[in-house]
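For reference, the chains in residue letters:
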Amino acid sequence: EAGVAQSPRYKIIEKRQSVAFWCNPISGHATLYWYQQILGQGPKLLIQFQNNGVVDDSQLPKDRFSAERLKGVDSTLKIQPAKLEDSAVYLCASSQKGSYNSPLHFGNGTRLTVT
Amino acid sequence: TQLLEQSPQFLSIQEGENLTVYCNSSSVFSSLQWYRQEPGEGPVLLVTVVTGGEVKKLKRLTFQFGDARKDSSLHITAAQPGDTGLYLCAGLQSGNTGKLIFGQGTTLQVKP
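Respectively, the protein sequence lines represent chains A and B. Residue numbering for the first sequence follows the working numbering, beginning at 2 and increasing consecutively. Residue numbering for the second sequence follows the working numbering, beginning at 345 and increasing consecutively.
Be aware that a few hints might be false.
[Stated by the list, open to error] Using C-beta positions, here's what the derived DEER-type ranges look like:
#: 1; chain 1: B; residue 1: 368; chain 2: A; residue 2: 85; range: 28 to 34 Å
#: 2; chain 1: B; residue 1: 360; chain 2: A; residue 2: 19; range: 48 to 54 Å
#: 3; chain 1: A; residue 1: 31; chain 2: B; residue 2: 388; range: 17 to 23 Å
#: 4; chain 1: B; residue 1: 402; chain 2: A; residue 2: 74; range: 29 to 35 Å
#: 5; chain 1: B; residue 1: 419; chain 2: A; residue 2: 21; range: 40 to 46 Å
#: 6; chain 1: B; residue 1: 361; chain 2: A; residue 2: 52; range: 45 to 51 Å
#: 7; chain 1: B; residue 1: 395; chain 2: A; residue 2: 6; range: 34 to 40 Å
Since the hints were derived computationally from the structure, they do not count as laboratory data. No experiment lies behind these values; they were computed from the predicted model shown. From the three backbone atoms N, C-alpha and C, an ideal C-beta is built for every residue, glycine too.
Whole structure, please, built from the sequences with the hints as guidance.
Okay, here's the thing in structure tokens:
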């Protein structure tokens, strides 16, 4: 079974620029999550999709972050414009079912550095 | 906001030593998960504990969920260099819309 695929692995941008991350979940997984992990901290949920609908985006800074999962499969997360404090690893995860009782499978993340 | 506090934050030990990592909260969780994350990779689920007082073993790793479901511990016996990594606990809030709350992690280094 192929795991969760994320790209790019690394990205360096200047503040005020825009950036996009891509995630392809495990085949058949209905739920997709985007997490932000700042160095030295645990992952923080940004947004949760169930198929192509948003379940939870309460912690997504909507003035600069956006995410979509148009066909209910792969997803993109965009930051525009980026700030220095957005430097972090952005992790995508997927699970079979809609509740957290179904195990989460994480990708290897995209490390973003904003200078 | 429910918080999960992990301790210690950093631990550096010699191969063969035993260690315990703690995950504490003032809130009750319906279940608690433990993950290990290696540099450059995503977290990998090790175990889920659901019942208060539950103990689960995974080779040299022993996981315990507190009786009141507010805390958990991870004990590693005879640590090996391959155990090196970031250990994360994550608590599942109760209810249909419960979220998974992660602790800040414990970085473990096991020196040969």
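To see whether the hints hold, each was checked on the structure:
1. Checked against the given bound of 28 to 34 Å, the beta carbons of residue 368 of chain B and residue 85 of chain A, roughly 32 Å apart, stay inside it.
2. Taking 48 to 54 Å as the suggested C-beta distance range, the pair residue 360 of chain B and residue 19 of chain A conforms, at roughly 50 Å.
3. The hinted window of 17 to 23 Å between residue 31 of chain A and residue 388 of chain B holds, with their beta carbons roughly 21 Å apart.
4. Between residue 402 of chain B and residue 74 of chain A the Cβ separation comes to about 33 Å, which falls inside the hinted range of 29 to 35 Å.
5. Range check, residue 419 of chain B to residue 21 of chain A: Cβ separation about 42 Å, and the 40 to 46 Å hint holds.
6. Checked against the hint of 45 to 51 Å, the C-beta distance between residue 361 of chain B and residue 52 of chain A comes to roughly 47 Å, which is consistent with it.
7. For residue 395 of chain B and residue 6 of chain A, the Cβ-Cβ distance of about 35 Å falls inside the hinted range of 34 to 40 Å, so the restraint holds.
In the structure shown, no violation is registered for any of the earlier numbered hints.
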